Amino acid sequence: AQSVTQPDIHITVSEGASLELRCNYSYGATPYLFWYVQSPGQGLQLLLKYFSGDTLVQGIKGFEAEFKRSQSSFNLRKPSVHWSDAAEYFCAVVNDNTDKLIFGTGTRLQVFP
Amino acid sequence: DAGVIQSPRHEVTEMGQEVTLRCKPISGHNSLFWYRQTMMRGLELLIYFNNNVPIDDSGMPEDRFSAKMPNASFSTLKIQPSEPRDSAVYFCASSLSAEAFFGQGTRLTVV
Numbered sequence: 001a002q003s004v005t006q007p008d009i010h011i012t013v014s015e016g017a018s019l020e021l022r023c024n025y026s027y028g029a030t031p032y033l034f035w036y037v038q039s040p041g042q043g044l045q046l047l048l049k050y051f052s053g054d055t056l057v058q059g060i061k062g063f064e065a066e067f068k069r070s071q072s073s074f075n076l077r078k079p080s081v082h083w084s085d086a087a088e089y090f091c092a093v094v095n096d097n098t099d100k101l102i103f104g105t106g107t108r109l110q111v112f113p
Numbered sequence: 001d002a003g004v005i006q007s008p009r010h011e012v013t014e015m016g017q018e019v020t021l022r023c024k025p026i027s028g029h030n031s032l033f034w035y036r037q038t039m040m041r042g043l044e045l046l047i048y049f050n051n052n053v054p055i056d057d058s059g060m061p062e063d064r065f066s067a068k069m070p071n072a073s074f075s076t077l078k079i080q081p082s083e084p085r086d087s088a089v090y091f092c093a094s095s096l097s098a099e100a101f102f103g104q105g106t107r108l109t110v111v
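Read top to bottom, the protein sequences are chains S and Z. Residue numbers for the first sequence follow the numbering used here, beginning at 1 and rising by one. Residue numbers for the second sequence follow the numbering used here, beginning at 1 and rising by one.
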């Protein structure tokens, strides 16, 4: 069965610093991969997605992610973090035979001024 | 489109009572998901529907939980009887072509 691993439970960065959140997936074929963000008390908002094609995908709010098949990874990056980026970030995978969306455990991002 | 609409936003109920959570998916979406989010267990997929048909309910914790989707524009998640350990935020999401959009969630507290 497919699964998603986010090894970092909590990350703290200074405002203006670069950010990379890790995500590894377990799936035999090429997966559909997603990053979602959840602010406190809110639902999940889609940041970006990868279905096929260019392995570097751009998302909203200045985020990007790179699909690396050899490493089974889909890490999220941002060159300069803003205080408003403090939230919880979830990586997710979909089995292309169904629409079943499976989430990782999330990474909580804290941003210091 | 107004997005995925869930009601109520907050629900406080006594143990043993029946609770019904409601969801209106985005028009035109053909898949609908119910998730439960807790600090201990994170985001758990409870059940998902495709074209109004339940496809996978393996995440439904026990028989006290049931979900229906009588038409393409409405779904319910019912807990009967409710227990304190059911306290969580319940999210509904809908999707078309694998891209899911989430509602704001229902925060359920069972006392």
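Hints are computed from structural coordinates only; laboratory data are not their basis. All values derive from a computational prediction rather than experimental measurement. For each residue, glycine too, the CB sits at the ideal point set by N, CA and C. Take the hints with a grain of salt, since some may be wrong.
[Stated by the list, open to error] No farther apart than 16 Å at their CA atoms in a straight line, the calculated lysine to aspartate or glutamate pairs in the EDC-like style are these: (1) Lys61(S) to Glu20(S); (2) Lys49(S) to Asp56(Z); (3) Lys100(S) to Glu18(Z); (4) Lys100(S) to Glu99(Z); (5) Lys24(Z) to Glu62(Z); (6) Lys100(S) to Asp57(Z).
[Unchecked claim] So the derived label-pair ranges between C-beta atoms look like this: (7) Met40(Z) to Thr12(S): 16 to 24 Å; (8) Glu14(Z) to Gly41(S): 18 to 26 Å; (9) Gln110(S) to Met40(Z): 14 to 22 Å.
Verification of the supplied hints:
Of the supplied pair hints, the one linking Lys61(S) and Glu20(S) holds, its CA atoms being roughly 14 Å apart against a limit of 16 Å. The hinted pair formed by Lys49(S) and Asp56(Z) fails the criterion: a straight-line CA distance of about 23 Å is larger than 16 Å. Distance restraint check for Lys100(S) and Glu18(Z): the Cα-Cα separation of roughly 28 Å exceeds the 16 Å cut-off, and the hinted pair is therefore not satisfied. With a CA separation close to 11 Å, the supplied pair Lys100(S) and Glu99(Z) stays within the 16 Å bound.
Restraint check for Lys24(Z) and Glu62(Z): not satisfied, since their Cα atoms lie roughly 24 Å apart, outside the 16 Å limit. Only pairs whose Cα atoms come within 16 Å are accepted, and Lys100(S) paired with Asp57(Z) is accepted, the gap being roughly 11 Å. Here the CB-CB span from Met40(Z) to Thr12(S) is close to 22 Å, well matched to the stated 16 to 24 Å. Taking 18 to 26 Å as the suggested C-beta distance range, the pair Glu14(Z) and Gly41(S) conforms, at roughly 24 Å.
Between Gln110(S) and Met40(Z) the beta carbon distance is about 21 Å. The supplied range of 14 to 22 Å therefore holds.
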